[in-house]
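Engineer: Taken in order, these protein sequences are the chains called X, C, W and D.
Counting with our numbering, you get residues 1 to 303 for the letters of the first sequence.
Counting with our numbering, you get residues 1001 to 1326 for the letters of the second sequence.
Counting with our numbering, you get residues 2001 to 2613 for the letters of the third sequence.
Counting with our numbering, you get residues 3001 to 3342 for the letters of the fourth sequence.
Hints were generated in silico from the structure; no laboratory data involved.
Please note: incorrect hints may appear among the correct ones.
[As the list claims (entries may be wrong)] If you anchor each label on the Cβ, the simulated ranges turn out as follows:
| id | chain 1 | residue 1 | chain 2 | residue 2 | range |
| --- | --- | --- | --- | --- | --- |
| 1 | C | Val1193 | X | Val44 | 51 to 61 Å |
| 2 | X | Asp202 | C | Phe1159 | 22 to 32 Å |
| 3 | W | Ser2571 | X | Phe55 | 52 to 62 Å |
| 4 | X | Ala206 | C | Phe1159 | 34 to 44 Å |
| 5 | X | Ile137 | C | Asp1149 | 36 to 46 Å |
Here the structure is a predicted model, which is why all the values come from computation and not from measurement.
All C-beta atoms, glycine included, are put in the ideal place defined by N, C-alpha and C.
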Amino acid sequence: MRNSNQPNNSIAISLVRPKSIFWHNLGKNWYKFSRNPLSIIGLVIVLAIIISAIFAPWITPYPEHAGPFVDFKSAGQPPSLQHLCGTDNIGRDIFSRIIFAFRDALIMAVVVLALAVPLGVLLGLIAGQLQSTWIDIVIMRITDVFLGIPSLILALAIAVVLKPNLMNAMIAISITWWPWYTRLVYGMASSVRNEYFVIAADLTGASKFHILFREILPNCLSPVFTKIALDVGWVILIGAALGFLGLGAQPPTPALGQMVSDGANNITFWWMTIFPSIAIVLAVMGFNLMSDGLRDMLETRME
Amino acid sequence: MENILLNIKDLHIWYRVYGGYLKIINSVYLMVREGERVGLVGESGCGKTTVMKSIPQILPPGDFLIPKGEIYYKGKDILKMNFSEIQRLRSREIAMIFQDPTAALNPVFTIGTQIGDVIRYSAALEENVHQEKIKMLSIKALKEVSLPDPERMLVNYPFQLSGGMKQRVCIAMSTSSPRNLIIADEPGTSLDVTIQDQIMRLLNEIVKKRKTSLLLITHSLGVAKEMTDRIYIMYAGTIVETALTKDLFQNPVHPYTKGLLASVPRLSGGGIARGIPGRIPDYLNPPQGCRFQPRCEYATSSCTENPPQLIEVEKDHFVACYLTQR
Amino acid sequence: MDIWTASKNRRSIRKFTDDPVENKVLKNLILEVGKEGIMRDLSDREKSKKSNNLRRKVMKTSKFVRFLRNGLFLVLVASLVLNLVGCRQQTPTVAEVKVIRNTTSWPCYIDPAVGSDGTSTLILCNMYDTLVFPNVDGSVKPWLAKSWEISADGLTYTFDLVQGVKFHNGDELTAEDVAFSLQRILTIGQGYGYLFTTSVKEVKALDTHKVQITLKQPFGPFLGELVRLYIVNKKQVMANLQPGSYGEFKDYGMGWLATNDAGSGPYKIKELNTMAYLVMEKFGDFWAGWENKDAPQYVKEIGTVEPATVRTLMSLGELEITDDCQSVENLATLGKLPNVDVSSHFEGLVVNIELNTKKAPTDDIHFRKALAYLTDYEKILANFILGSHRSGPVGPATPGSDPNLTLYTFDMAKAEAELKQSRYYGKLNQYPVELGISADVSDQEKVGLIIQANANKLGIKVNVVKLPWISIVAALAKPETTPNAILIADAPSYAEAGSLLQARYTSKSCGTWEQGEWLQNPEIDAMVADALATIDQKARFQKYYAIQEKLVELCPTIWLMECAVKRAYRSDYVVYPAADPANVNPVTGYNMYYRDYKVFPEKAQKPYTPFVP
Amino acid sequence: MKLSSFLFKRLLHSIFVVFGLSIVIFIIARVIPGDPARLALGPRAPEEVVQRLRQEMYLDKPLPEQYFYWIKGVLSGDFGRSLYTKRAVSVDIKESFPATMELVIFAGILMVIFAILLGILAARYKDTWVDNLIRTLSYFGVAIPSFVAAIVFMLLFGSYWPILPVLGRLSPGISPPTRITGLFTLDSLIKGNFVAFWDAFKHLILPSVALSLGPLFQEARIVRSSMVENMHKEFLEAERGYGIPERVIMFKYLFKSSLIPMVSVMGLDLAALFSAAFLVEMVFNWPGISRYGTLVMLNKDLNGISAVTIVLGAVFVIVNIIVDIIVALLDPRIRLGTNRGI
């Protein structure tokens, strides 16, 4: 029974693109998303981070502390009302710096994914469509090679040979990131391409392009969306790791990982370590939770 | 008169979804006597399987809800039973045969393990038995469903068998120990006709030999006609008509039953099958009154008010339709 | 309320003290507040209301401790178990040996022809001997060479060696070894080789205990240089050659010497973990003897300068002397530990901001001067390494530095004036100044930020770039890759101004990390060459002064300070010679000459973890 | 028979991957700006000395030729001389690899045990407070980067709560056991030196916890979800229907069928531990290959970089193969070969 009625389902999907599904029954999606209260928490955290990052200069108590600023008189103050998270060894308000650090973190995430995802998805689609041709083989083998080593190590190796700054860190991470999407989409595409509706489209003489982007792509998208939401968190994390080794944004620009390691160098001021750490954890967690919600929302369940 | 084995009274089952509950089972009455073979017939998706799973309480917990109704087994209400009683029921009294053998067998265990465990934990032998006995019994069970080379089969994995074989294995598992009631959910529908036929015969023999009662769930009147003494016609989660098999086929009363019979292709005379227009209603907010009314050609205003009750039109022949009450 | 919690907290403190674990808690609480903090607080009990902030501090920490106690109850239990078992094994198994454990930057290269960085130098000083030994005033005294004569033209030096000097493996040290060592370092050319490749023409052993060195041209500070010529055991090295590209000398023993020593110094290598640490052991029959009976039996160089690590080691009593690159904050914290003092002395280590004179906008002298004026030296001194002092091109501690040199001072007005004269005034925003700092030293960032902040006020855009040391070296190889400004610390290789002047400002040193200025000023080159060729010390020093004045007017560098070498050390049972200004040796490494150290483990206060060889 | 061919394919594939990896790494290592020889020898080394080193490292040859020499060396276990430690890289790696191995193995054990434990608990008591607690915990846990955990531990146990050692593999007092496997805990046990064992063990705790914290909770979630997913499978209903007791269903049928996805993910995470170790070892001053790797990277020691990356890459691949074998053994469909290749 189940097997036999699967294709009609898929047709139903392929005729309406996920996006429009999203907009058409927003209520239903929201229900799916909000069924798990944690996803709402995630959404709240994420929104909070994004908004605070955007409006950082206006909402932070000491915006100037994110720039060239030194005030040794007020260095190393523990958390207090005027300095929510205390001040660092240079007398800068850690809270303000964390908020500003979110900016770079988000920018990094956006840029990395903007570079990695389209590339990865496209390659995945192509390889999946032209299966068992030499193109497929070449693409997937290269992918395998890149997946053959932990991305952090590769990112490190690339980042160190370039000059240490935000841009290069982003490049390094993007280079290690695309293969995951290629593999994901490849898997999806190569299963979808055998669905009846694709074959049907093929038989009705639709162009390769049409099949690729109108029939196959939409059916690979929802997991991609979910992964993107998730990866924002991970990119922030890897970025922090690079920053931790001093390969990220340069002083005085605040960067989460950098701040954590600075804290480690001034262990007397425990707040220099703790609060940036909490910030990182919050960010990653927020995006994880949100992506879970997205998955519940986008994945089309049988029955 | 024969005593009643299974008696389902006014059973309601709801399924939780976005925006509320699907009222998939809506006041089902069903009765199985000792040694009786009962058929439950209806279109696919009318809730037959749900009813069947509700009997040994194996509906996926959480998303199903039984708001009201009773399921009496040997006079005891299953819904009120505690866990051990249900366990006992499952392991000794009721045997299940599932629709799709592929799904019903655990892919990562050998046939031997699975059937062996069934035997080990079935009531037949409470005293702990050594491997040998179990093996012997499993082989016997497999032989019974006339599977070739049972010894080898024991070490096979499900995916190494054909659909028919799997189905037989399922039957073997459920009949490996004596049971009083076999509930068979469209056995073999996922297989091709000839195999299905064999399976049916096999099932029939076993039931006859064991004198156990059978609750056969199927969507084909043809099968039901051959295999059962009594038939329940189910539509959209309600029983619309029930009668002894021959009566039902002689004079169906409920329009839906008529429709079904009409849609069974007859080789003798008859011409092309005449199906029923429309499709199963939306469970989320089912039509007022009689659920069949939107598709019913005889529907009158009264049909739309409140659902008709099952009324005995002649002996053992109940119909839920206002036509009979005029 | 305030008093209440404080006293409550006091009670809790008294409650602790019998329990071992809690004891540690209390200790850390003390380090956290600073012990005098608590003490004062305790004594203040009756005359309360005073030193509120202190008590608040105590309160806060105690709160933190309480939080730990509640929140980490499990950890506590676990810890108790661990400690109990731990204690059983921690009871010192051997008699407390005299040991110096010292953290230091890593890695170290213990091959005399390879190592030249601080760590390597201090190890080499202890494992190898030299012909001459540096005095505290920078002059040299006879050592392996009991006497020497210099030819009139100042080109040939003939050394007369001490008899009966034994290498660590028992071989006798002869002129052959000296000749071999010099030849070896000349050929390999790494480490301190550069000192001799420039000056030495040839070396030959006249007889078993006479060796003659001929120079290319007269070189005043040559004797001073010889404190960097470490004598290796020729026989032993030749016996351990590995395949290599030095012809008959194969790899010249580099492979073997990388992890072994062939020296005659007071300490011999015991164990080397190239990633982590080096243990040296006292060499019993050291030729110069051991009149210092309390010298350490073992020396362990621990290869980390990571603040958390250092602090933990110190607070657990597993460390006698720290490295000299701890941040101000960390030194302060270390100083608060029980029985730990922070000593401070000068070894001629100067911290400069080298300005690239071949790259806009720092190629403009007025612009450079502006930068020099807008630098807030006082603030930097106060926050970089406490106890440091201003310095010119050469640190005051170094013999030959100009005592009456007029330096640039912090003066925004002057800075602005200079800026107005510079040809970049008005289009400053098109000419950002890239200021490179080493990512390895946390405090350098502060300096960068201070300058950045001031420069900002004058509309100069300064970008601070944190670079790993190696990238700095790479960047300084070419004028176009050299940043406008780069913060670099440098020390003279031998105790004389000439060393720094030659290495920092002559055209020859362009492209090395020691000169980010790309000065390439023929006049300076000539002056330096002339000075170095002067044998007579007085005359030579006069010439050094002239060079330094000239440099100040060229302003190729922002001379920040001469850096105080600060080490935290255990004052209760270690006598650290350099702690007494009278014994401070201006030659890098010789303040870690462990033969002069005194250790009294029996005097050690808790916490002290004895060293088990 | 089918298994062997599957393994052979897998092996071939991974050899290819490592080979490709070597090229990528080589290229990365060779685009390092600045003259590595000069970097290695320091500023004052005379030109001819630098020239000599360049020749020794074939830096004067064209890239393909350089690669050839390099890969030739690698295949014979010679990664060249580290410009950072000035020793043969192979020696450094031999010295430092066991340390990382020990750490990762220990962390891996922690990870697997606790993940399965928590996962089963959560699945068994689905939608009860147990489940919710574990899930909420896991959401936090997953988000804690290993280096943050490490730093916080360092802060906590290094200064405020010095009950567990936070540095290195052994206390200064204790001399390392004679090297057999290079894993201190193992060696000391073999030698029956319990003092050393206990000390080494104590030193392992914090780093390995910091290392395994994140993946642990991720695993727990996967275990839970895959078990919950299987709970809705018809064969489970069937087994219930046949009257097989809950515990048997739970711990035999459900567990094994859920194990397969678990194992494959766990394998990946296990391999990923090696990369997480990069930061953790830095923090805890753990003399392992990852710390060595970070150091050589930050010091642009190209021989070191390429060696470390290729070695870790190889390890990564090997772990994956092992995992595939385990999965194959667990899942008859692969073992008896009805699935579509790799």
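Engineer: The structure should be examined with respect to each hint, and the outcome stated for every one.
Structural biologist: Hint check results:
no.: 1; hint: C:Val1193 / X:Val44: 51 to 61 Å; in the structure: 57 Å, holds
no.: 2; hint: X:Asp202 / C:Phe1159: 22 to 32 Å; in the structure: 30 Å, holds
no.: 3; hint: W:Ser2571 / X:Phe55: 52 to 62 Å; in the structure: 53 Å, holds
no.: 4; hint: X:Ala206 / C:Phe1159: 34 to 44 Å; in the structure: 35 Å, holds
no.: 5; hint: X:Ile137 / C:Asp1149: 36 to 46 Å; in the structure: 43 Å, holds
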